[in-house]
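**Q** Taken in sequence, the protein lines are chains V and L.
With numbering that gives the first Met the number 0 as the guide, the letters of the first sequence map in order to residues 0 to 851.
With numbering that gives the first Met the number 0 as the guide, the letters of the second sequence map in order to residues 0 to 253.
Think of the hints as simulated: they come from the structure by calculation, not from any bench.
Hints should not be assumed to be uniformly reliable.
[Stated by the list, open to error] Quick list of in silico lysine-lysine cross-link-like pairs, DSSO-like style, CA-CA up to 30 Å: (1) V:Lys346 x V:Lys204; (2) V:Lys215 x V:Lys639; (3) V:Lys678 x V:Lys589; (4) L:Lys129 x V:Lys204; (5) V:Lys215 x V:Lys678; (6) V:Lys765 x L:Lys129.
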Amino acid sequence: MLRVALKGLLAQRVRYLLTAFAVLLGVAFMAGTFVLTDTINHTFDDLYTTIYANTAAVVRARQAFNPGISYQTQRPPIPAALVAAVRRVQGVREVSVGIEGYAQLVGANGKAIGNPASGPPTLGEAWPLAADMSPYRLLAGGRPPQGPGEVAIDQHSASVGNLKVGSRVLVLTKQPPRRYRVTGIVTWGSAASPLGASVTLFDHKTAAEVVGQPGKVNEIDVAAAPGVSEPELASRLRRALDDPSLEVVTGTMVAAEGQDAVHQAMGVFDTFLLVFAVIALFVGSFLVFNTFSIIVAQRQRELALLRAIGASRRQLVASLLVEALVIGVAASIAGIAAGIGLAAALKALLGAIGVSLPATGIVVGERTLLVALCVGTAVTLAAAVLPARRAAAAPPIAALQAVDLEPEDDAAHRGAIGGALVGAGALALGIGLFASTGNRVALVGIGGAVLFVGVAVLAPLVARPVSAALGAPIAQRSPIGRLARQNAMRNPRRTAHTASALMVGIALVSVMAVFATSIRASVNSILDAAMQADYVISPASASSMATGFSPHLEAAVARLPDVAAATGIRAGTVKIAGRTMAVLAADPTKVGDLFDVGVVAGRIGSLGANDLAVSEQVADSRHLVLGSAVPVVFPATGRKVFTVRAIYRDRQVAGDYVLPLAAARSNFVEQLDYQVYVKLRPGVSAAAGRQAIERVLASYPTATLMDQAQYKAQQAAQIDQALGLVNALLSLAIAIAVIGIANTLALSVHERIREIGLLRAVGMTKRQVRATIRYESMLIALFGALLGLAVGLALGVALVTAMRTSGVTRLEIPVAPILEVVIVALLAGVIASLSPARRAARLNVLEAIATE
Amino acid sequence: MVRARADGLRASEPVPAARIADGVKIYGRGEAAVLALDHVSAAFAQGALTAVMGPSGSGKSTLLHCLAGLDRLTAGQVLIGETDLGSLDDKSMTLLRRERIGFVFQAYNLVPTLTAQENIVLPLTLAGRKPDAAWVGRLVASLRLEERLGHRPSELSGGQQQRVAVARALVTRPDLVFADEPTGNLDSRSATDLLAQIRRAVDAFDQTVVMVTHDPRAASYADRVLFLGDGRVVEDLDAPSPDEILEALRRLER
Ligand SMILES: Nc1ncnc2c1ncn2[C@@H]1O[C@H](COP(=O)(O)OP(=O)(O)OP(=O)(O)O)[C@@H](O)[C@H]1O
Ligand SMILES: [Mg+2]
Chain V
0 MLRVALKGLL AQRVRYLLTA FAVLLGVAFM AGTFVLTDTI NHTFDDLYTT IYANTAAVVR
60 ARQAFNPGIS YQTQRPPIPA ALVAAVRRVQ GVREVSVGIE GYAQLVGANG KAIGNPASGP
120 PTLGEAWPLA ADMSPYRLLA GGRPPQGPGE VAIDQHSASV GNLKVGSRVL VLTKQPPRRY
180 RVTGIVTWGS AASPLGASVT LFDHKTAAEV VGQPGKVNEI DVAAAPGVSE PELASRLRRA
240 LDDPSLEVVT GTMVAAEGQD AVHQAMGVFD TFLLVFAVIA LFVGSFLVFN TFSIIVAQRQ
300 RELALLRAIG ASRRQLVASL LVEALVIGVA ASIAGIAAGI GLAAALKALL GAIGVSLPAT
360 GIVVGERTLL VALCVGTAVT LAAAVLPARR AAAAPPIAAL QAVDLEPEDD AAHRGAIGGA
420 LVGAGALALG IGLFASTGNR VALVGIGGAV LFVGVAVLAP LVARPVSAAL GAPIAQRSPI
480 GRLARQNAMR NPRRTAHTAS ALMVGIALVS VMAVFATSIR ASVNSILDAA MQADYVISPA
540 SASSMATGFS PHLEAAVARL PDVAAATGIR AGTVKIAGRT MAVLAADPTK VGDLFDVGVV
600 AGRIGSLGAN DLAVSEQVAD SRHLVLGSAV PVVFPATGRK VFTVRAIYRD RQVAGDYVLP
660 LAAARSNFVE QLDYQVYVKL RPGVSAAAGR QAIERVLASY PTATLMDQAQ YKAQQAAQID
720 QALGLVNALL SLAIAIAVIG IANTLALSVH ERIREIGLLR AVGMTKRQVR ATIRYESMLI
780 ALFGALLGLA VGLALGVALV TAMRTSGVTR LEIPVAPILE VVIVALLAGV IASLSPARRA
840 ARLNVLEAIA TE
Chain L
0 MVRARADGLR ASEPVPAARI ADGVKIYGRG EAAVLALDHV SAAFAQGALT AVMGPSGSGK
60 STLLHCLAGL DRLTAGQVLI GETDLGSLDD KSMTLLRRER IGFVFQAYNL VPTLTAQENI
120 VLPLTLAGRK PDAAWVGRLV ASLRLEERLG HRPSELSGGQ QQRVAVARAL VTRPDLVFAD
180 EPTGNLDSRS ATDLLAQIRR AVDAFDQTVV MVTHDPRAAS YADRVLFLGD GRVVEDLDAP
240 SPDEILEALR RLER
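Turn these sequences into a full structure, and let the hints guide you.
**A** Here you go:
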């Protein structure tokens, strides 16, 4: 029986090729993600180990909690005077100090180098005291910075900003912008920069002034004398310093912290990409299912013959599953190879956009091989089980009958199963979206998948009438259209399953479109209602509360005669009620005039240094009223208790808690504004105001001045950018579905060779043959798009409804994206038909007719 | 009366509906080459039913395919009316088939998704032309298909299917209709029926029909019978009786 299976496979190999390719794409995406993250993790593991190789212990301030990965310095500095005490400890060979903070280089062309809002951070540091404890390596021709006017910069920034040793460079810090001379260019270990971050190195005293605090350092790094172990040195330091606000950790632990941070960040990235790999494989499984169904139907007579001569059903199923197994394994192995290539290409791409990685090899872990191989094979096998069983159920008598059209199946049975699946999927989705307990993400994912399968099961029931309706316009216009419509209608199961693969991608794209449009509408309506400022000064593409600008910017703008008020907004990470979150802080006396967050109780203007404002939603759920006490934990300064003095409605912009500026001053480590709101004096024209402010901003290249419309546009652009990325990744799922349509058509052409020959004989031109297949393809694609839009819009509405309490207050159904989806589907149909249509048109009339 | 004709032309008649002159068809190449038509010349007069007979492998189907523009000769010339098929590209050949030639195959004549009516008018549909309702009506009536027009091929008997195919072949009022063993798959009643219809079409509509057959009874419906042997025309009989045909076949086998 195995021989029969392998022979069958060999005979059908061309037909299975596209199926295998679909599986290959999904596996490649998955393996590529694994390889890329493993490679990056491995690279950084090595780097951190190297960097801290000579650091035995680190003395630094204790943190109340770990705020996670952040571009901001979250640890308070410690007195520089401690260095002397550390030096005195037995077993200390060498001491170096770290000073670190915000610094932004501006390139020779006046453009900021690196943008922390959309990429790696821009840092300022002190030139290391001990070279063997520093990650930085000075390139030949440079020297360390000395005095207040000199800096060294990383190699990546130097090449981006076109800066050389001797160049003058503008550097933005929390101090007013200042120009420095570049005295040296450094690498970070073997990399051009730390993960693409832009680094400015100052001499010690300057660093303390412009990025740190005078008389303070961020950490003290200690090298051990020979024979002294890391833990030994750390405990001696602890004893000697004896200060509960300090902590002493070993070099190994610090390296591990850095490694963990990278692993954590890569884990998020990894999961994000894997979601799309799983979607691709899911769509691929539709393809496998469909191809097997068609091929098995086409081989019905052969299989029935095997049954007639004594093969059992089990043997038949087994032999078909062996075919699936071979395809799955082959496609997965090829997919892994392609994935490794993909990862290498992505790594090169990361290098090209500035995230230069040290030159290390590609890491292919066991997990990559095992998981990718198993998943790819399992998906193929699972998708083949049903078609195999259905084929084996055929009676031996079928060997004697020519089966041309697929047998009608039991509509009631199909409807019941499909309905049950749709119901179960919708239920799981609903619980995932609306209930507050359980593993919501998993419920949404599984619910979505079950729902899609359910719709695919139901789709054949409507395939005939829907194809008839969709095909009506072309059928009326041309006889070729009529033929194509009939072709799409003749195998409703095949048409429906092919369309279902496209449905998945289109549905996901539509969900995202509804979601993004609704968010945009919600943001706009809030800004319309709440923003009273004339202008916002914001980082060029503010996406996170990454860093910001020096408070000097706010002061300089506020001093302008045309400006009535300017207030900076600060952001920081805190822990409230056990949850780590970002909160905003602003000057309560000024912010009310610039931004109306819809205060429902109390007054923001009366917030004292130990007061805060909360959103209505949090107030409701935590039963907070005016006067309630809210403990807030700051990473740097620990637990502080605040009193609720105001409750507001709009959490979309302000978040759940707003602190007074005074609290930020005394508890945040970095004192940077992430946005500045500006109101002009009455009577000042917008043009005049803008001109005045822009003169100030000339020396802050990262800051952009936006009026309300521009700010809205920027917010919309950010949403669109995120949407674009997701859509780009979803396009893989759509591409696989297009392969599915091409595959189905190729199989159909194969099966209709005689018919096509006949049509050619009675006068169908090649062009007409191609058109028939193209129209059929477009009909299938359109059917898939409609299914996808229906499911996607329903899911989108559900998602937006579920997100209402999170600030998505407007539901908006986007029209343009829907039209785009339809156009994309039609194009997909045309593309999918190209090769099958060409093949069909090339058929030799006589040979086609003679084909048995 | 037996005459072997070398030139295949009857000088006394006007331009024939179709003509093959010195036609050679070689399949394959080198060792495997098969000479299917060996310098065949023949003309097919307007308004006549010609039968082509001969042993299996004698080149009957090949001759028909080449005459009908489904295949090309290796050497020689095929003329449909005044048109030389050798000078046509695929597109023009397709259009010529659509406009001027009808074809009935031994089996598999109909598109399974289309009804009998749709199958009949298919060549017109492909050309984007409106069928002449009166003409289609006459055809359908004379082939006794009125009752069956709404059915799909799978719902028709073999004889009915072949009659639909004949109707389709005639619907464009083609200059020529070719039929390759149209009765091959039919029982003798259906076969007789079909042959009677073809004969009627020739007589009533002045059609030119060339039909390949193995059945002497079928051939006896013809105005003329061409006998092929080893790719050559070996005999050409005018309106022979079934006995004359049997005799000719026996001679051929010898
Ligand atoms: N496509 C082809 N390739 C190679 N040889 C072919 C091809 N078609 C036909 N032949 C050969 O050409 C010769 C004539 O074939 P043809 O089909 O014309 O015979 P026929 O008279 O129609 O026979 P039958 O009565 O069996 O249908 C045969 O020897 C056949 O084997
Ligand atoms: Mg033949």
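**Q** Next, verify each hint and record whether it holds.
**A** Verification of the hints:
{"no.": "1", "hint": "V:Lys346 x V:Lys204", "in the structure": "violated, 38 Å"}
{"no.": "2", "hint": "V:Lys215 x V:Lys639", "in the structure": "holds, 23 Å"}
{"no.": "3", "hint": "V:Lys678 x V:Lys589", "in the structure": "holds, 10 Å"}
{"no.": "4", "hint": "L:Lys129 x V:Lys204", "in the structure": "violated, 94 Å"}
{"no.": "5", "hint": "V:Lys215 x V:Lys678", "in the structure": "violated, 37 Å"}
{"no.": "6", "hint": "V:Lys765 x L:Lys129", "in the structure": "holds, 21 Å"}
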